[in-house]
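Chains as they are written, first to last, in the working numbering: chain A, 1 to 401; chain B, 1 to 401.
Keep in mind that the hints were calculated from the coordinates and are not lab data.
Do not rely on the hints blindly, as some may be mistaken.
If several chains are the same, the list does not tell them apart, and a pair holds so long as it fits within one copy or across any two.
Keeping only pairs whose Cα atoms sit at most 27 angstroms apart, straight-line, the calculated DSS-like set for lysine-lysine is [unchecked claim]:
id, residue 1, residue 2
1, 365, 2
2, 243, 17
3, 312, 116
4, 364, 243
5, 16, 346
6, 116, 364
7, 346, 364
8, 2, 364
9, 290, 365
10, 17, 312
11, 364, 17
12, 290, 243
13, 346, 2
14, 243, 116
15, 365, 16
16, 312, 243
17, 346, 365
18, 17, 2
19, 290, 17
20, 365, 243
21, 365, 116
22, 16, 312
23, 116, 290
24, 346, 17
25, 16, 243
26, 2, 312
Protein chains: 2
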Amino acid sequence: MKVPGFRFAAVEAGIKKRGGLDLALLVCDQASPAAAVFTRNLVRAAPVVIAEERVLSSPARAILVNAGNANACTGDLGTIAALASTRAIAEALGCPEVQVLPASTGVIGQVLPAEKIQAKAAELVAALDENGAEAFADAILTTDRWRKVATTTLDQSGLRATFLGICKGAGMIHPDVGGAGKLPQPPGPPHATMLCFVVTDVVADAALLAQCLEAATDVTFNAVSVDGDTSTNDTVIVIASGKSGVTPTAAELTQALTEVCRPLARSMVRDGEGAEHAVDITVRGLASDKDARQVAKAIATSPLVKTTIAGKDANWGRLLATAGRSGVSFQPTVASVFIDGVCICKNGLPAEASADAEASLRMKKDEYVIEVVLGTGPGRFTYTTCDLGHGYIDVNAGYRS
Amino acid sequence: MKVPGFRFAAVEAGIKKRGGLDLALLVCDQASPAAAVFTRNLVRAAPVVIAEERVLSSPARAILVNAGNANACTGDLGTIAALASTRAIAEALGCPEVQVLPASTGVIGQVLPAEKIQAKAAELVAALDENGAEAFADAILTTDRWRKVATTTLDQSGLRATFLGICKGAGMIHPDVGGAGKLPQPPGPPHATMLCFVVTDVVADAALLAQCLEAATDVTFNAVSVDGDTSTNDTVIVIASGKSGVTPTAAELTQALTEVCRPLARSMVRDGEGAEHAVDITVRGLASDKDARQVAKAIATSPLVKTTIAGKDANWGRLLATAGRSGVSFQPTVASVFIDGVCICKNGLPAEASADAEASLRMKKDEYVIEVVLGTGPGRFTYTTCDLGHGYIDVNAGYRS
Numbered sequence: 001m002k003v004p005g006f007r008f009a010a011v012e013a014g015i016k017k018r019g020g021l022d023l024a025l026l027v028c029d030q031a032s033p034a035a036a037v038f039t040r041n042l043v044r045a046a047p048v049v050i051a052e053e054r055v056l057s058s059p060a061r062a063i064l065v066n067a068g069n070a071n072a073c074t075g076d077l078g079t080i081a082a083l084a085s086t087r088a089i090a091e092a093l094g095c096p097e098v099q100v101l102p103a104s105t106g107v108i109g110q111v112l113p114a115e116k117i118q119a120k121a122a123e124l125v126a127a128l129d130e131n132g133a134e135a136f137a138d139a140i141l142t143t144d145r146w147r148k149v150a151t152t153t154l155d156q157s158g159l160r161a162t163f164l165g166i167c168k169g170a171g172m173i174h175p176d177v178g179g180a181g182k183l184p185q186p187p188g189p190p191h192a193t194m195l196c197f198v199v200t201d202v203v204a205d206a207a208l209l210a211q212c213l214e215a216a217t218d219v220t221f222n223a224v225s226v227d228g229d230t231s232t233n234d235t236v237i238v239i240a241s242g243k244s245g246v247t248p249t250a251a252e253l254t255q256a257l258t259e260v261c262r263p264l265a266r267s268m269v270r271d272g273e274g275a276e277h278a279v280d281i282t283v284r285g286l287a288s289d290k291d292a293r294q295v296a297k298a299i300a301t302s303p304l305v306k307t308t309i310a311g312k313d314a315n316w317g318r319l320l321a322t323a324g325r326s327g328v329s330f331q332p333t334v335a336s337v338f339i340d341g342v343c344i345c346k347n348g349l350p351a352e353a354s355a356d357a358e359a360s361l362r363m364k365k366d367e368y369v370i371e372v373v374l375g376t377g378p379g380r381f382t383y384t385t386c387d388l389g390h391g392y393i394d395v396n397a398g399y400r401s
Numbered sequence: 001m002k003v004p005g006f007r008f009a010a011v012e013a014g015i016k017k018r019g020g021l022d023l024a025l026l027v028c029d030q031a032s033p034a035a036a037v038f039t040r041n042l043v044r045a046a047p048v049v050i051a052e053e054r055v056l057s058s059p060a061r062a063i064l065v066n067a068g069n070a071n072a073c074t075g076d077l078g079t080i081a082a083l084a085s086t087r088a089i090a091e092a093l094g095c096p097e098v099q100v101l102p103a104s105t106g107v108i109g110q111v112l113p114a115e116k117i118q119a120k121a122a123e124l125v126a127a128l129d130e131n132g133a134e135a136f137a138d139a140i141l142t143t144d145r146w147r148k149v150a151t152t153t154l155d156q157s158g159l160r161a162t163f164l165g166i167c168k169g170a171g172m173i174h175p176d177v178g179g180a181g182k183l184p185q186p187p188g189p190p191h192a193t194m195l196c197f198v199v200t201d202v203v204a205d206a207a208l209l210a211q212c213l214e215a216a217t218d219v220t221f222n223a224v225s226v227d228g229d230t231s232t233n234d235t236v237i238v239i240a241s242g243k244s245g246v247t248p249t250a251a252e253l254t255q256a257l258t259e260v261c262r263p264l265a266r267s268m269v270r271d272g273e274g275a276e277h278a279v280d281i282t283v284r285g286l287a288s289d290k291d292a293r294q295v296a297k298a299i300a301t302s303p304l305v306k307t308t309i310a311g312k313d314a315n316w317g318r319l320l321a322t323a324g325r326s327g328v329s330f331q332p333t334v335a336s337v338f339i340d341g342v343c344i345c346k347n348g349l350p351a352e353a354s355a356d357a358e359a360s361l362r363m364k365k366d367e368y369v370i371e372v373v374l375g376t377g378p379g380r381f382t383y384t385t386c387d388l389g390h391g392y393i394d395v396n397a398g399y400r401s
């Protein structure tokens, strides 16, 4: 997992309570075009505000990430700490501060311990290695059960460009990231703490990267939910070193970024705090994709639906009831529901009795699709969600203790 | 617990899987003015559709309620079953069918076993008793842990009118009931399976009852949430026998209905499936009550906030983050948070360290207030919610099995 022009490093800086790698650095050989999308939450962490300002005003040289502390709701002290951390890295790299983008994840309301990062800056820079992506990916995890990395390639005239995406996120996951500089007015729908960094050696300027990243995140990260809660820190950044010589069109670049982001978004849901299932909620037959998205989102975030998934219970009544309160108009008497291909509700009525047992069996699978058909219109959208079980309560009822 | 003009009865009809009282009847001596509000869910159970038609076209003589089967998503067969049930009661009472209002709660997607109700109609009518309110209240429960009854009185010129409210509900609770005949176009925000029946001996016509019931439910049932999921069956009905001779103004009637509905709404939340705490989320300082309501609702339905309440963890960062994704504009740097009166966040920053421990101690109480102050505006609203803990998962991950 190498991408020409990029090196990675990770160290233990003592920020995570339980110890382990918690400080990660990603560096491009030269300052390069970059773009980012950030949480649309009105409450935004210090690193989000700083990274946004910087990515809009300068090419990027490095991304500094810490886990264990979100540096959110920390006021001026939080801003000072984030600035001091990135300054230490800029000095160690010998680059302008504005080229170092910060990102943080962890507990809200505690100021980032900048001195721990300053103390590790030289060690971190010394450890940079083109093969360091996995250590970087491990260091940014919080409640995640596994490392999240995805790659794709883009071939053009005998040249090959590589995309490497590294992601974290398992709780407070309902991303709603939007283009830098355009937010948060008006605030959009919810997201949560997910961080994702994509490095690539395609040739692309910041404007093209921004346009394609927004399109890719809208159908990947912005279409998954663990718990419907949008974080103060959600951040997706892409940097393009240009080393491959491949010059993609907007469509090609959007496609490649989507290919990298989709498995990462899915991996987050699959790793949803305490989750055992990742389920695609596909809603179709409505007038527009927008309507389908609204219904799919309501179902994907319904506690009753999510406990039904945990219980492997083909309770289609809860699915229809949730669709019915989503705010989108449809005729309940034409609604059908399929679980992993088994029709359990047709024209708003129960399917044959045997379907129920068969569907419940299918719900034991790690991953499957619930399809809700609400008419004959062309609108469709898929939201990916997970189950709400005892594991989620275990993780969240005492997160800080 | 008697109200002049009303009698009650309850029997075991074999509708609930686990047995026990599950069929209840409430009868007024004469057909009397009545009003109702019903779920704004687009998917509406057969009894909701029938009760709505009837209450808009006729005075009411009786309310027939069954628990264990919601008769929702049951199509024409469900309608036929609901009509057959109320016909049996009308025949036993000797009144027109249109004067019998049905209500159902329980599993969605199974047709109501009308024959079990027909078989018990005579027994039910024979058992009617002016002291039967408690048996009625017991028979309508499903996952509830306790009976929900409240009363109030209204004095006027030496006369006294009585209000008796009987309610059920513990899960799929996020009521969004609205006036009969005005729905569901456009569908509003969510509610859930709650049933509430208020009987009173005030003198009031159906129009006055409808106006005051809508006002009272908007600040009581429509301001509580267990799980954010609105039921297909939510129903609140009021019948006024007129026997007291008390003729209330609209303000007096709204006040009395609110006094009856508020403790019932609170009791539902306190009894939220698996819940151990009922918490008032008061949001103030915004431009309007509407804005405050939107923020309070987002906080009251956030899984992360609700697990925080279960964990007795004064995690104010989650509260602010949820406010930030609610879609309402405010300045995070002026936000303050109080838990049971303890300030744990001031101007968007942590209060002194000792506050955290004190607030966590207060969170052990069964009931308390979380106050979120987001500015200096006059807008305020209180939403009541409960914790999301292991109990909710136990109840819901295998409800039908």
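- prompt: Which holds for residue 364 with residue 17 at a C-alpha limit of 27 angstroms: within a copy, between copies, both or neither?
  reply: Answer is between; shortest inter-copy Cα gap is 25 angstroms, intra-copy 35 angstroms.
Intra/inter-copy verdict for residue 365 and residue 2 if alpha-carbon distance must be at most 27 angstroms: For residue 365 and residue 2, the Cα distance exceeds 27 angstroms both inside one copy (34 angstroms) and across copies (54 angstroms).
- request: Can you give me the call for residue 365 and residue 16, within, between, both or neither, at a CA distance of at most 27 angstroms?
  value: Cα proximity of residue 365 and residue 16: none, with 34 angstroms in one copy and 31 angstroms across.
task: With 27 angstroms as the alpha-carbon cut-off, assign the pair residue 312 and residue 243 to within, between, both or neither.
output: Classified as neither; 49 angstroms inside a copy, 52 angstroms across copies.
- prompt: Is it within a copy, between copies, both, or neither that the alpha carbon of residue 365 lies no farther than 27 angstroms from that of residue 243?
  reply: So residue 365 and residue 243 fail the 27 angstroms test inside a copy (42 angstroms) and across (61 angstroms) alike.
field: residue 364 and residue 243: within-copy, between-copy, both or neither at 27 angstroms Cα
entry: Cα proximity of residue 364 and residue 243: none, with 46 angstroms in one copy and 59 angstroms across.
- prompt: With identical chains treated as interchangeable, where does the CA-CA distance between residue 346 and residue 17 reach 27 angstroms or less: within a copy, between copies, both, or neither?
  reply: between (52 angstroms within a copy, 25 angstroms between copies)
query: Taking 27 angstroms as the upper bound on the Cα-Cα distance, should residue 16 and residue 243 be classified as within, between, both, or neither?
result: neither (35 angstroms within a copy, 69 angstroms between copies)
query: How do residue 16 and residue 312 come out at 27 angstroms by Cα distance, when the copy is not named: within, between, both, or neither?
result: between (35 angstroms within a copy, 22 angstroms between copies)
task: Classify it for me, residue 365 with residue 116: is the Cα-Cα distance of at most 27 angstroms met within a copy, between copies, both or neither?
output: Neither: 44 angstroms inside a copy, 38 angstroms across copies.
- request: If the cutoff is 27 angstroms on CA atoms, where do residue 17 and residue 312 land: within, between, both or neither? Let me know, please.
  value: Cα proximity of residue 17 and residue 312: across copies only (20 angstroms, versus 35 angstroms in one copy).
field: 27 angstroms Cα threshold - placement of residue 364 relative to residue 2
entry: neither (37 angstroms within a copy, 51 angstroms between copies)
When the structure is compared with the earlier hints, violations turn up for hints 1, 2, 3, 4, 6, 8, 9, 12, 13, 14, 15, 16, 18, 19, 20, 21, 23, 25, 26 and for no others.
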